[in-house]
Amino acid sequence: MLGYNLLAFCCVLLINPSEGRYCGEKLMQKMNTLCTKQLDCINVEPDLRQPSMFLRWCCSQSTCTELDLKKFCCGLVLKAKLSLNQT
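Going by mature numbering (1 follows the signal peptide of the UniProt record, and there is no 0), the letters in the sequence shown line up with residues -20 to -1, 1 to 67, in that order.
I should point out that these hints are in silico values taken from the structure, not numbers from a laboratory.
Values in this document were obtained by computation on a predicted structure and should not be read as measured data.
One or more of the hints may lead you astray.
As a list, the in silico DSS-like pairs of lysine-lysine whose alpha-carbon atoms are at most 27 Å apart [as the list claims (entries may be wrong)]:
no., residue 1, residue 2
1, 51, 10
2, 6, 51
3, 17, 50
Label-pair ranges, simulated between beta-carbon atoms [to be verified]:
no., residue 1, residue 2, range
4, 65, 14, 33 to 41 Å
5, 65, 43, 17 to 25 Å
6, 22, 64, 18 to 26 Å
7, 66, 1, 29 to 37 Å
8, 66, 2, 33 to 41 Å
9, 63, 42, 30 to 38 Å
10, 12, 63, 18 to 26 Å
11, 65, 1, 31 to 39 Å
12, 6, 65, 18 to 26 Å
13, 66, 40, 27 to 35 Å
Even for Gly, the Cβ is constructed at its ideal location relative to N, Cα and C.
Take the sequences, apply the hints, and build the full model.
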């Protein structure tokens, strides 16, 4: 399920190109590495924003830290778990 969310996130980047596309591509590379590791979300406040909103925010910051990316990845994991519980 996490892979599906990452794929959807990637599609948002391809469908919605903007001046931040280069930033978005760099973020995707980082997130593909970070989100597919054994992610430890204990004591991490998940970021539940939609992928396009997170991308715009992260690209508009002077620094978007690895912790910000980890929070977003944990948000994806949490959303996936919640959607599995609802079915």
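> Holds or violated: are the alpha carbons of residue 51 and residue 10 at most 27 Å from each other?
Replying inline: Holds, at roughly 13 Å.
>> I want to verify a distance hint. Is the separation of the beta carbons of residue 22 and residue 64 within 18 to 26 Å?
In response: Given about 19 Å between the Cβ atoms, the range holds.
> Is it true that residue 66 and residue 40 lie within 27 to 35 Å of each other by Cβ?
Replying inline: Given range 27 to 35 Å: holds, Cβ gap about 33 Å.
> Quick one: are residue 63 and residue 42 within 30 to 38 Å, going by C-beta?
Replying inline: Given range 30 to 38 Å: holds, Cβ gap about 34 Å.
> Range hint 17 to 25 Å: satisfied by the CB atoms of residue 65 and residue 43?
Replying inline: 35 Å, violated
> In this structure, is the beta-carbon distance linking residue 66 and residue 1 contained in 29 to 37 Å?
Replying inline: 33 Å, holds
> Using the C-beta atoms of residue 6 and residue 65, is the stated range 18 to 26 Å upheld?
Replying inline: Since the Cβ atoms of residue 6 and residue 65 sit about 33 Å apart, the hinted range of 18 to 26 Å is violated.
> residue 17 and residue 50: Cα distance at most 27 Å?
Replying inline: 11 Å, holds
>> What's the verdict on residue 6 and residue 51, does the C-alpha distance respect the 27 Å limit or exceed it?
In response: Holds. Residue 6 to residue 51 sits at ~17 Å (cutoff 27 Å).
>> I want to verify a distance hint. Is the separation of the beta carbons of residue 65 and residue 1 within 31 to 39 Å?
In response: 35 Å, holds
> That 33 to 41 Å hint for residue 65 and residue 14 (C-beta), does it hold up?
Replying inline: Taking Cβ atoms as reference, residue 65 and residue 14 lie about 24 Å apart, which means the hint is violated.
>> Taking 18 to 26 Å as the stated bounds, is the beta-carbon spacing between residue 12 and residue 63 within them?
In response: For residue 12 and residue 63 the Cβ distance comes to about 21 Å; the hint holds.
In this structure, the earlier hints numbered 4, 5, 12 are contradicted, and the remaining ones agree with it.
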